[in-house]
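Go ahead and model the full structure; you've got the sequences and the hints to work with.
There are 4 protein chains.
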Amino acid sequence: MDTKPKDKCAVFGIISGDDVFNSIYYGLYAMQHRGQESAGIATYTGRINIHRDMGLVSDVFKNTYFSGNSGIGHVRYSTTGESSSRNAQPLLINYSMGSFAIAHNGNITNTSELKYLLEHRGSIFTTTTDTEIIAQLIAQEHIKTNDFVLGIKNAMEYLEGAYCLTILYGRKVIAVRDPWGLRPLVFGKGETTYAVASESCALDVLDLKLVRDVKPSEILVIDENGIKSVMGKKQKPAHCMFEYVYFSRADSIINERSVYEIRRKLGRNLLHESEVDADLVVPVPDSGITAAVGYSEDSNIPFGEALMKNRYIGRTFIMPEQDDRELGVRLKLNPILSEIKGREIVLIDDSLVRGNTTRRLIKILRKSGVGKIHVRISCPPIRSPCPYGIDMQTTKEFIASKKTVDEIRNIIDADSLVYISLEGLIDAIGIPEEKLCLGCLTGKYPIKEKKQLKLEG
Amino acid sequence: MDTKPKDKCAVFGIISGDDVFNSIYYGLYAMQHRGQESAGIATYTGRINIHRDMGLVSDVFKNTYFSGNSGIGHVRYSTTGESSSRNAQPLLINYSMGSFAIAHNGNITNTSELKYLLEHRGSIFTTTTDTEIIAQLIAQEHIKTNDFVLGIKNAMEYLEGAYCLTILYGRKVIAVRDPWGLRPLVFGKGETTYAVASESCALDVLDLKLVRDVKPSEILVIDENGIKSVMGKKQKPAHCMFEYVYFSRADSIINERSVYEIRRKLGRNLLHESEVDADLVVPVPDSGITAAVGYSEDSNIPFGEALMKNRYIGRTFIMPEQDDRELGVRLKLNPILSEIKGREIVLIDDSLVRGNTTRRLIKILRKSGVGKIHVRISCPPIRSPCPYGIDMQTTKEFIASKKTVDEIRNIIDADSLVYISLEGLIDAIGIPEEKLCLGCLTGKYPIKEKKQLKLEG
Amino acid sequence: MDTKPKDKCAVFGIISGDDVFNSIYYGLYAMQHRGQESAGIATYTGRINIHRDMGLVSDVFKNTYFSGNSGIGHVRYSTTGESSSRNAQPLLINYSMGSFAIAHNGNITNTSELKYLLEHRGSIFTTTTDTEIIAQLIAQEHIKTNDFVLGIKNAMEYLEGAYCLTILYGRKVIAVRDPWGLRPLVFGKGETTYAVASESCALDVLDLKLVRDVKPSEILVIDENGIKSVMGKKQKPAHCMFEYVYFSRADSIINERSVYEIRRKLGRNLLHESEVDADLVVPVPDSGITAAVGYSEDSNIPFGEALMKNRYIGRTFIMPEQDDRELGVRLKLNPILSEIKGREIVLIDDSLVRGNTTRRLIKILRKSGVGKIHVRISCPPIRSPCPYGIDMQTTKEFIASKKTVDEIRNIIDADSLVYISLEGLIDAIGIPEEKLCLGCLTGKYPIKEKKQLKLEG
Amino acid sequence: MDTKPKDKCAVFGIISGDDVFNSIYYGLYAMQHRGQESAGIATYTGRINIHRDMGLVSDVFKNTYFSGNSGIGHVRYSTTGESSSRNAQPLLINYSMGSFAIAHNGNITNTSELKYLLEHRGSIFTTTTDTEIIAQLIAQEHIKTNDFVLGIKNAMEYLEGAYCLTILYGRKVIAVRDPWGLRPLVFGKGETTYAVASESCALDVLDLKLVRDVKPSEILVIDENGIKSVMGKKQKPAHCMFEYVYFSRADSIINERSVYEIRRKLGRNLLHESEVDADLVVPVPDSGITAAVGYSEDSNIPFGEALMKNRYIGRTFIMPEQDDRELGVRLKLNPILSEIKGREIVLIDDSLVRGNTTRRLIKILRKSGVGKIHVRISCPPIRSPCPYGIDMQTTKEFIASKKTVDEIRNIIDADSLVYISLEGLIDAIGIPEEKLCLGCLTGKYPIKEKKQLKLEG
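Sequence order for the protein chains is D, S, Y and L.
Sequential numbering from 34 applies to the first sequence in this note's numbering.
Sequential numbering from 34 applies to the second sequence in this note's numbering.
Sequential numbering from 34 applies to the third sequence in this note's numbering.
Sequential numbering from 34 applies to the fourth sequence in this note's numbering.
It should be emphasised that the hints constitute simulated quantities derived from the structure, not laboratory data.
Remember, it's a predicted structure, so these values are computed and weren't measured experimentally.
Heads up, none of these hints are tricks.
Any copy, or any two copies together, can satisfy a pair, since identical chains are not distinguished.
Below, a list of computed lysine to aspartate or glutamate pairs in the EDC-like style, where the Cα atoms sit at most 20 Å apart: (1) Lys-365 with Asp-240; (2) Lys-242 with Asp-357; (3) Lys-242 with Asp-256; (4) Lys-269 with Glu-467; (5) Lys-342 with Asp-319; (6) Lys-342 with Glu-294.
Set out below in structure tokens:
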């Protein structure tokens with residue numbers, strides 16, 4: 034419940050025997066947790082129909098509908114560039130070879146080089162998103178090669194960073210995942226339907242069967258006859274560990290692993306690394322619940338839902354002044370007095386970024402007469418920024434980047450504080466360390482060398 | 034998660050050394066679960082300042098503020114009468130003796146008699162709420178007796194049904210609870226603050242100490258010097274059991290009992306009445322969670338959060354057509370496949386009103402390859418309507434009013450179905466049966482005889 | 034174009050062979066100039082259907098429709114009482130004899146006495162409008178007499194001031210005009226339709242034929258079989274002169290006189306009282322145009338539309354700061370340089386209340402290099418407040434209440450200033466002086482003595 | 034009042050010693066008649082600040098303000114391309130040489146060639162406006178020449194059609210007018226302020242002095258030190274006659290000619306070409322008023338404002354069904370019965386495009402008992418579409434393209450119908466025929482030959 038990093042976007046794509054608008058709408062809705070700032074849908078009916086605006090899916094599309102058997106969609110939290118309806122996606126591109134719509138989840142790390150390259154080839158930009166950079170590259174390579182898919186493949190050679198794309202090109206839907214597989218992208222099907230989505234929960238809502246992940250480096254071309262796979266140049270995979278720890282919905286399956294199972298295992302591993310004698314395992318809702326279940330399960334300490342969450346936070350809610358942030362926490366969370374009074378608790382949270390909220394929460398718990406408070410965090414200390422699409426930009430915001438664990442324990446006023454170990458994290462995820470991106474924990478990032486850009490423009 | 038009865042309103046009142054507007058705002062916000070249709074605040078600054086409109090607290094008050102050291106507030110789900118801003122509360126009354134603002138939670142059962150009585154005394158009504166009836170009675174009795182509090186006391190002699198009132202009369206805040214104590218109303222204080230609220234969670238958010246319940250029949254008069262208690266004619270208490278089972282927030286304490294503890298005990302009692310061999314205890318979120326924790330605790334079956342809830346249901350969300358209500362359930366709840374595949378589960382819900390949602394949910398679970406499904410309900414079968422302010426008006430809507438438990442089990446397609454017994458419910462609540470209102474379960478209502486109304490107008 | 038007094042409300046009523054909702058909508062729309070703050074419609078279909086809210090007709094009813102062959106409507110500028118949706122009309126009344134909806138244009142002058150009377154009979158009020166007072170009186174007299182129309186007739190005995198009412202009582206529409214006939218109310222019919230409206234332009238829009246005025250003191254009861262007229266106690270008529278001078282639409286016919294013809298005659302009379310040698314007659318648009326046409330017509334000075342009005346003033350327009358009110362005028366009006374440069378003009382306006390706008394306008398005209406400016410006002414100096422429903426409440430706001438004409442000429446910096454004489458005004462209107470209300474000009478009001486109210490409650 | 038062609042956009046630019054935001058806001062507001070669909074403002078404060086959205090100026094900027102001593106603005110009616118917030122202007126461009134904001138009024142006629150050219154140079158487009166085409170050309174030519182102003186000059190060599198541009202480049206504001214001078218663009222100054230605007234009324238509102246037109250082919254570079262003029266390749270001027278007849282505000286001065294004076298002269302010329310014996314000259318408000326004044330002036334027939342206009346048309350107004358379009362006209366215009374009954378009238382309108390509204394209006398007038406109706410139109414018959422930015426796209430919509438004047442007279446049921454002659458029009462405007470664009474009247478367009486585009490990309 035600590036101030037959480039915010040994810041940036043989800044993408045969706047679908048081809049069906051029926052109109053796809055509602056399916057895109059429901060699919061985006063299932064992934065609304067990945068972006069509440071803007072939403073957009075494009076479908077194809079001989080031409081590309083498109084609508085995108087600021088707001089939740091339900092607000093943006095309350096009066097809009099278009100037909101079409103294939104289409105893509107996008108929700109965005111925020112992104113590089115000005116926060117305005119102009120940057121809502123999908124982006125619609127017109128150029129000498131025709132037109133396409135494109136939606137992007139991720140963050141490109143070599144944008145300044147690419148922008149420089151493209152600008153020196155003569156490109157001009159009308160948005161400030163890296164999506165426009167990707168689109169310009171694809172369009173240029175399409176022009177060069179006269180083959181759209183080859184154009185995408187060539188464009189991928191320039192791109193560094195995280196990108197899951199859905200592209201609507203004529204009737205086709207094309208899904209692209211970066212060579213590192215940083216962000217999730219899955220493929221599913223139904224009787225007459227093929228779909229791709231950032232998370233499998235968007236397939237579940239449409240009663241589609243999850244078939245497999247879109248592979249790192251893969252360009253998956255979908256039309257009414259089925260799928261065709263083209264592989265770009267490979268890199269060593271580097272799946273983002275934070276998708277498992279916090280971002281993705283627990284009911285999603287990413288890289289063939291159940292997020293829920295991983296979170297429960299995180300709780301179990303955390304227990305074994307930091308067993309303590311206590312009366313109750315208390316999760317910080319909602320995101321700490323699954324790890325707390327796992328923690329309790331292997332111990333003899335019962336699980337208790339001793340912090341109640343208010344579910345009605347509205348957009349226009351008037352928050353308390355700076356000098357009463359404790360009230361800000363109480364407005365969201367309220368302890369069950371009878372559960373915690375005089376009892377030692379294990380407080381489980383999934384991460385601890387700045388530490389302010391946890392500090393205030395513990396103050397409230399102490400006022401309530403709790404016994405000892407043992408804080409357990411199901412993610413190792415976050416110390417470095419994420420360049421791949423998660424809203425943690427500077428080390429200044431990480432309490433763990435300058436403080437020791439004991440200093441943090443002191444700041445938040447816990448009786449004990451244990452973070453899960455890197456080994457415990459990796460073991461729970463069940464993917465070898467070399468195939469994970471652990472950059473925000475270790476400072477070691479998977480994308481090292483940069484392709485030397487030739488200026489040819 | 035079955036289609037739930039909806040509660041009707043919360044009231045709030047406060048006197049403080051400081052401006053009270055924000056405290057009312059936060060207090061109402063903490064009770065937003067009791068009413069999302071309209072909100073209103075009145076304060077006193079020599080005159081009564083008032084604003085009320087349709088919408089959530091955060092929407093209604095995004096551009097409004099008034100000063101004042103005393104005030105009342107109200108949120109409403111719906112009420113008798115047209116659903117319009119005209120019926121938003123508090124209601125402001127002007128009459129020969131001055132003016133007051135009044136907010137009401139509950140439902141009066143003898144409104145037609147009272148309306149008849151008042152109309153024959155010459156009253157005319159400009160709203161269709163029973164709040165206006167209460168207000169007219171109070172005003173008339175005030176005129177007769179020349180004493181406002183005595184006027185309230187006399188008015189109470191006429192009123193049958195559930196009513197918790199907060200009244201702003203000059204600088205004073207007056208809290209009134211019906212003689213049966215059907216709905217909750219609590220009193221709390223801080224250093225320079227006195228407050229009353231429908232639920233104690235509204236006191237917690239303001240860091241006020243819960244002192245006690247407003248007693249059944251009590252008129253609690255609060256001014257800056259403290260409280261004065263006047264008792265109206267007593268009746269045998271009849272506390273609503275459904276406040277414990279479903280309505281109130283789990284972190285509230287009502288009639289000196291922790292809602293959370295009662296719900297956990299309901300789970301434990303349910304276990305002992307219906308033990309079954311299974312692999313996982315699965316709550317229907319959010320309301321089934323606490324009972325599921327209790328059920329798991331005393332058994333050797335682990336608790337699992339195997340149904341994930343989407344938290345982003347918007348007001349303007351386009352729901353699927355009639356013929357795909359299963360999608361409607363999937364949009365709200367998604368099972369964790371890895372948790373339930375091939376496993377026997379105990380599915381815990383807090384009530385089962387119409388049964389449609391549970392039927393669809395079980396269909397989805399069966400498609401997911403679950404093993405057996407044992408449904409356990411932490412409330413006995415609801416068979417009769419509630420005349421006291423809960424939105425269950427006709428027996429037609431209760432599946433249990435015409436079907437046996439086994440027929441219901443068959444309809445929802447569960448492998449077994451057990452409701453908690455009346456005894457198990459009463460034991461968990463810990464209040465003697467004769468002091469509870471169990472009308473919706475037994476058809477026996479606490480308010481029997483009606484005062485014969487004299488027409489004098 | 035000087036800061037104008039604002040009128041307060043229009044009423045409408047209709048019975049037809051078809052649904053009347055759209056006709057009420059269009060009728061109110063035609064009278065939108067009489068009130069832009071709120072709008073409401075009520076129709077009868079066995080029960081009364083009602084919707085009313087803040088905003089223009091087109092906003093309030095963009096998503097609302099109900100059937101019904103009879104109904105009433107209302108637009109309001111503002112009124113006594115808080116400016117909120119709660120005070121939007123029609124008002125819906127329930128009492129022992131049934132229910133009715135009521136809409137009111139005008140202002141009652143003895144409200145405090147009536148409120149005192151009614152409160153001492155035991156009434157309580159839930160709005161702060163005088164409409165509720167009228168409604169309570171009607172309901173009480175209905176109860177006493179057991180005859181609705183007689184109840185209205187008796188209630189009128191208590192009422193002093195201006196009131197045009199439309200009442201929906203069962204299927205019937207009842208129109209009432211105060212004994213002084215202060216505000217306009219007309220009756221019209223079509224093939225299967227009877228309608229009443231504050232102004233005849235609302236009949237025109239529906240292609241209905243204007244039959245006659247509702248007479249002062251008249252209660253006109255309309256049902257599907259036709260009309261029945263009941264006369265209340267008569268008073269000497271006192272038609273508001275300002276309806277002719279400014280308020281009503283020029284295309285309306287009031288008290289059998291064309292507003293347009295009167296305004297043109299005002300211009301002609303003004304010419305004859307104040308002839309001057311000039312090059313151009315320039316109206317202050319829009320309200321000065323007709324008088325300017327009349328002024329030019331009888332003179333040899335051509336009419337010129339030399340001030341252009343911007344028609345796009347929006348509700349949320351950010352007006353210039355206090356220190357640049359001249360810009361405020363330029364945003365609304367812009368002179369045609371080529372028309373006025375070096376020329377003497379006669380500037381025609383229909384009234385001059387505070388004088389600020391005229392002063393600023395003349396400053397702008399002088400900067401444009403105009404020659405002499407002769408201001409001619411087609412209404413005598415306004416010196417006294419209007420108690421009968423026009424928003425001119427205190428003498429402080431009238432420049433003419435403390436200044437001589439020559440002082441005013443000096444303040445506004447005109448080369449000459451002439452107001453039409455009282456005689457010229459009366460002659461143009463063509464109604465004998467004793468049948469006009471000239472209170473705001475003379476300080477002599479038509480309603481002198483007050484009925485002594487008996488307290489009987 | 035006939036269904037009018039709609040203009041497309043206004044541009045504004047300003048540099049001042051003070052913040053310019055409010056000046057741009059007021060300037061755009063004064064030109065709101067040229068575009069109500071979207072509005073945008075950009076200012077410079079070391080970086081370009083920009084906001085643009087759908088809606089009126091007052092709505093788009095109700096909560097927005099930025100500082101900056103130079104800036105540009107834009108209002109749009111509609112344009113080529115999708116009608117969405119994405120196409121709102123100014124457009125913000127980033128490229129290798131930096132960035133600029135650009136606003137455009139007009140329409141480019143060789144867009145497909147230019148798009149083909151640019152796409153084959155490798156450009157991709159993210160909007161569907163011709164403004165993006167202009168911007169891409171300027172950016173490319175800037176890159177080639179390394180000189181921004183020279184870049185604009187070179188870009189102009191490619192552009193055909195109508196374009197008035199304001200460009201914000203660093204602190205500089207640059208105004209550009211196409212070589213034909215099709216659309217208006219004026220330059221004005223104050224003490225510390227320089228401004229350019231589509232119409233001089235936007236200068237008036239800010240109390241700036243109109244200095245001169247921006248000349249056809251001129252690039253006017255403005256910074257805090259004053260102006261610098263660069264001339265592009267010249268063409269024979271071709272000023273749009275419809276700006277004088279209908280589009281521009283009557284208080285504007287365009288190409289050194291007063292729109293008001295021209296309209297009055299049109300009325301006078303029309304009289305002399307079509308004198309008739311009648312009782313009253315009646316304008317169709319608002320746009321027919323000035324010509325009617327002129328027509329009356331030279332005749333002995335008085336001017337009468339005998340059609341009243343309702344000023345409250347709202348955006349969400351529910352218009353009558355197809356089968357009652359007569360009501361649609363009555364909702365906007367209402368005849369003054371007393372003025373027209375039994376009298377012969379000359380009905381003056383400024384143009385007659387489709388004829389439907391005029392036909393319905395005459396039907397209403399006939400019902401009102403008017404005598405003969407002589408329709409006089411102050412613009413010759415419109416028979417051809419406008420390619421230069423006015424919303425008259427196909428000949429199908431022009432009644433005059435297939436019907437003779439007598440057939441039209443018959444269709445609209447006038448007693449006589451006379452259009453002003455081409456000679457009368459040209460004489461009134463006072464600009465030689467060869468310097469006017471009369472394309473929509475004659476089918477002869479000023480821009481004949483197209484530059485052969487070299488593909489070099």
